[in-house]
Amino acid sequence: MTYDLRMGMATRDAYGKMLVEIGREDPNVVALDADLSKSTKTALFGKEFPGRFFNAGICEANMVSMAAGLASCGKIPFISSFSVFLMNKGFDQLRMCVAYPGNNVKVIVSHGGISIGEDGPSQQSIEDIALACSLPGFIVNVPADEVATRALVRAAHAHRGPVFMRVGRPKTPIVYDEGEPFEFGKGKTLITGDDLAIVTCGGLVAEAIRAADALERIHSLYATVIDMHTIKPLDIELLVSAAKRTRAVIVAEEALPDGGLCSAVARCLAEHCPTPIAFVALPDAYAESGTPAQLLEKYGLNSKGIEAAALRLAKRKASACREQPVA
Amino acid sequence: MIAAQKAQPEKLAEVAREIRRCVVRMIGEAGSGHPGGSLSIVELVTAMFFGGMRHDPTNPQWMDRDRFILSKGHGCPTLYAVLAEAGYISKESLMTLRKLGSPLQGHPDKRFLPILEASTGSLGQGLSIGIGMALAARLDGRPSLTYVLLGDGEIQEGQIWEAAAFAGHHKLDTLIAIVDYNKIQLDGFLKDILNMEPMAAKWKAFGWETREIDGHDFDQIFQAIKPVSGRPLAVIAHTIKGKGVSFMENNPEFHGVAPTRDELEKALAELA
Ligand SMILES: Cc1ncc(C[n+]2csc(CCOP(=O)(O)OP(=O)(O)O)c2C)c(N)n1
Ligand SMILES: [Mg+2]
Numbered sequence: 000m001t002y003d004l005r006m007g008m009a010t011r012d013a014y015g016k017m018l019v020e021i022g023r024e025d026p027n028v029v030a031l032d033a034d035l036s037k038s039t040k041t042a043l044f045g046k047e048f049p050g051r052f053f054n055a056g057i058c059e060a061n062m063v064s065m066a067a068g069l070a071s072c073g074k075i076p077f078i079s080s081f082s083v084f085l086m087n088k089g090f091d092q093l094r095m096c097v098a099y100p101g102n103n104v105k106v107i108v109s110h111g112g113i114s115i116g117e118d119g120p121s122q123q124s125i126e127d128i129a130l131a132c133s134l135p136g137f138i139v140n141v142p143a144d145e146v147a148t149r150a151l152v153r154a155a156h157a158h159r160g161p162v163f164m165r166v167g168r169p170k171t172p173i174v175y176d177e178g179e180p181f182e183f184g185k186g187k188t189l190i191t192g193d194d195l196a197i198v199t200c201g202g203l204v205a206e207a208i209r210a211a212d213a214l215e216r217i218h219s220l221y222a223t224v225i226d227m228h229t230i231k232p233l234d235i236e237l238l239v240s241a242a243k244r245t246r247a248v249i250v251a252e253e254a255l256p257d258g259g260l261c262s263a264v265a266r267c268l269a270e271h272c273p274t275p276i277a278f279v280a281l282p283d284a285y286a287e288s289g290t291p292a293q294l295l296e297k298y299g300l301n302s303k304g305i306e307a308a309a310l311r312l313a314k315r316k317a318s319a320c321r322e323q324p325v326a
Numbered sequence: 000m001i002a003a004q005k006a007q008p009e010k011l012a013e014v015a016r017e018i019r020r021c022v023v024r025m026i027g028e029a030g031s032g033h034p035g036g037s038l039s040i041v042e043l044v045t046a047m048f049f050g051g052m053r054h055d056p057t058n059p060q061w062m063d064r065d066r067f068i069l070s071k072g073h074g075c076p077t078l079y080a081v082l083a084e085a086g087y088i089s090k091e092s093l094m095t096l097r098k099l100g101s102p103l104q105g106h107p108d109k110r111f112l113p114i115l116e117a118s119t120g121s122l123g124q125g126l127s128i129g130i131g132m133a134l135a136a137r138l139d140g141r142p143s144l145t146y147v148l149l150g151d152g153e154i155q156e157g158q159i160w161e162a163a164a165f166a167g168h169h170k171l172d173t174l175i176a177i178v179d180y181n182k183i184q185l186d187g188f189l190k191d192i193l194n195m196e197p198m199a200a201k202w203k204a205f206g207w208e209t210r211e212i213d214g215h216d217f218d219q220i221f222q223a224i225k226p227v228s229g230r231p232l233a234v235i236a237h238t239i240k241g242k243g244v245s246f247m248e249n250n251p252e253f254h255g256v257a258p259t260r261d262e263l264e265k266a267l268a269e270l271a
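Order-wise, the sequence lines are chains A and B.
Sequential numbering of the first sequence, starting at 0, is according to numbering that gives the first Met the number 0.
Sequential numbering of the second sequence, starting at 0, is according to numbering that gives the first Met the number 0.
Just so you know, the hints here were simulated from the structure itself, not pulled from any lab data.
Every residue gets a Cβ at the ideal spot worked out from N, C-alpha and C, and that includes glycine.
Keep in mind that the hints are not guaranteed to be accurate.
Below, a list of computed lysine-lysine pairs in the BS3-like style, where the Cα atoms sit at most 30 Å apart [stated by the list, open to error]:
hint: 1; chain 1: B; residue 1: K98; chain 2: A; residue 2: K297
hint: 2; chain 1: B; residue 1: K98; chain 2: A; residue 2: K37
hint: 3; chain 1: B; residue 1: K190; chain 2: A; residue 2: K37
hint: 4; chain 1: B; residue 1: K182; chain 2: A; residue 2: K37
hint: 5; chain 1: A; residue 1: K16; chain 2: A; residue 2: K243
hint: 6; chain 1: A; residue 1: K303; chain 2: B; residue 2: K90
Heads up, incomplete: computed chain A residues facing chain B, CB under 7 Å, no partners named [said to hold, decoys possible]:
hint: 7; residue: D12
hint: 8; residue: N27
hint: 9; residue: S36
hint: 10; residue: G50
hint: 11; residue: I57
hint: 12; residue: S262
hint: 13; residue: R315
hint: 14; residue: S318
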């Protein structure tokens with residue numbers, strides 16, 4: 000299978016448009032934002048349904064608990080802000096008012112990761128996926144492109160219970176054909192190869208496809224690429240079968256390596272199919288200002304970073320095989 | 000220790016003009032940033048570093064200095080330009096704003112620029128940091144005053160009012176909050192999103208002295224920031240978001256969008 004990866008819209012734009020569509024279909028859908036509706040694109044919903052849109056002001060904690068109240072009375076609130084502010088400032092409220100009682104609140108946050116660029120670390124959300132994964136009962140997902148975003152926003156609306164979704168600021172290449180079906184907890188195998196498996200999510204899916212292409216062309220290494228759009232619950236079956244086939248797994252995630260996809264994959268494989276793993280994620284530090292491309296390059300969160308990790312992993316795999324006692 | 004000399008108001012008006020030119024050029028050059036809320040605080044920040052505060056550019060770590068926290072961190076281009084004008088950083092560095100490796104990060108970052116009093120950018124926390132600094136000065140018997148510049152949208156954050164109650168309760172009269180009351184937040188006008196009126200009455204109710212001024216008038220600023228005995232002081236500075244550039248003034252569109260090349264030229268012509 001080949002991918003042309005033509006540039007699509009930012010996943011936040013796809014979210015904003017889809018939310019309007021869902022709002023037309025379901026009068027119970029309400030939206031809340033915390034003074035970032037122009038950036039998260041919930042402003043589109045606010046424009047079409049002013050009566051069902053509430054701008055909380057710069058009050059993330061209050062917004063989360065208000066959404067819980069709305070949800071407990073049968074409304075379906077979609078709440079948005081920059082990921083960093085909603086998740087960090089609203090975390091106890093997410094815990095006490097959403098996760099713990101299991102309220103039907105959809106937490107759709109934009110500007111995840113470091114690819115927001117120039118604004119710098121205060122606006123770069125690198126802990127959000129770990130925080131979301133730590134909340135019992137939450138579905139946690141990071142769509143790869145606009146097609147996946149549309150489908151997963153729909154799935155979030157259909158699901159009863161809390162959902163976290165991270166959408167991004169920059170325009171993102173299109174991976175999927177329009178209409179591709181998505182289900183929470185069911186990852187997508189985009190490329191199949193037997194030498195290693197690249198498991199990733201969000202904007203890095205396109206980078207993984209590029210890396211797989213280069214690995215095959217330049218190094219004759221055949222990679223499997225899995226879009227693990229749902230980090231929680233993890234698609235254990237898919238992951239274990241890929242690990243069994245390839246015996247080498249790379250996890251790439253635009254976040255800190257602890258608590259999110261990297262941790263989830265490591266835990267799953269440790270339990271079900273111990274496999275050499277390499278991680279492509281942020282170091283244990285806050286980043287800095289720069290263009291999105293510069294930052295992704297500096298921190299190795301692009302196809303080059305994945306390729307380099309693949310080559311290191313291939314060596315480890317080879318030496319692990321040599322060390323294996325002959326039966 | 001010598002505090003920076005208080006300049007004449009006419010001189011300061013010229014400094015403010017120069018700061019504005021720097022700010023629009025910096026943001027234009029960077030291609031991103033927050034012109035509106037940077038331009039509204041030019042006189043306020045200039046006044047702090049040119050007569051308002053006791054500080055010493057030749058000895059930035061002087062323990063007895065007054066402290067200035069830009070709680071609304073997105074206004075940092077103005078802070079950087081004033082720091083350059085006051086001699087803390089080089090003027091050449093200004094055009095590196097927001098570029099990879101620059102000390103002038105998109106929001107104030109102490110790791111890259113240690114002379115900053117705090118790293119900010121997540122709104123709502125500067126007043127509490129200021130309380131901590133004022134308490135430390137009180138404990139150590141130092142004369143330092145602590146100034147915190149807040150956005151009017153920023154004070155919607157609940158933490159601001161937790162801090163306000165604490166400072167009022169503890170009669171922290173070395174703490175001065177300045178509210179950049181430009182009436183606009185990110186998504187639009189405060190009156191349409193979340194009205195914070197009556198502004199002065201809110202601070203008063205928490206035990207603060209309040210003064211309302213024109214935040215673009217140096218004389219009024221210098222008068223207003225003098226602390227009072229026995230309670231913290233809130234200066235409500237009425238300002239114009241985007242002040243000095245006609246098409247940015249009072250225009251929510253220029254909260255967080257850089258001027259294009261053409262707009263930059265127009266802005267610089269107006270500020271010439
Ligand atoms: C906690 C938090 N929430 C949201 C933001 C995003 N944000 C940056 S500036 C801004 C509006 C601030 O309005 P105001 O305080 O009035 O600033 P000014 O008008 O001076 O630009 C928002 C919502 C943020 N930086 N921090
Ligand atoms: Mg404002």
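Verification of the supplied hints:
no., hint, verdict
1, K98/B x K297/A, "13 Å, holds"
2, K98/B x K37/A, "25 Å, holds"
3, K190/B x K37/A, "17 Å, holds"
4, K182/B x K37/A, "18 Å, holds"
5, K16/A x K243/A, "40 Å, violated"
6, K303/A x K90/B, "37 Å, violated"
7, D12, "17 Å, violated"
8, N27, "24 Å, violated"
9, S36, "5 Å, holds"
10, G50, "15 Å, violated"
11, I57, "4 Å, holds"
12, S262, "25 Å, violated"
13, R315, "32 Å, violated"
14, S318, "36 Å, violated"
Checked against the numbered hints above, the structure violates hints 5, 6, 7, 8, 10, 12, 13 and 14; every other hint is satisfied.
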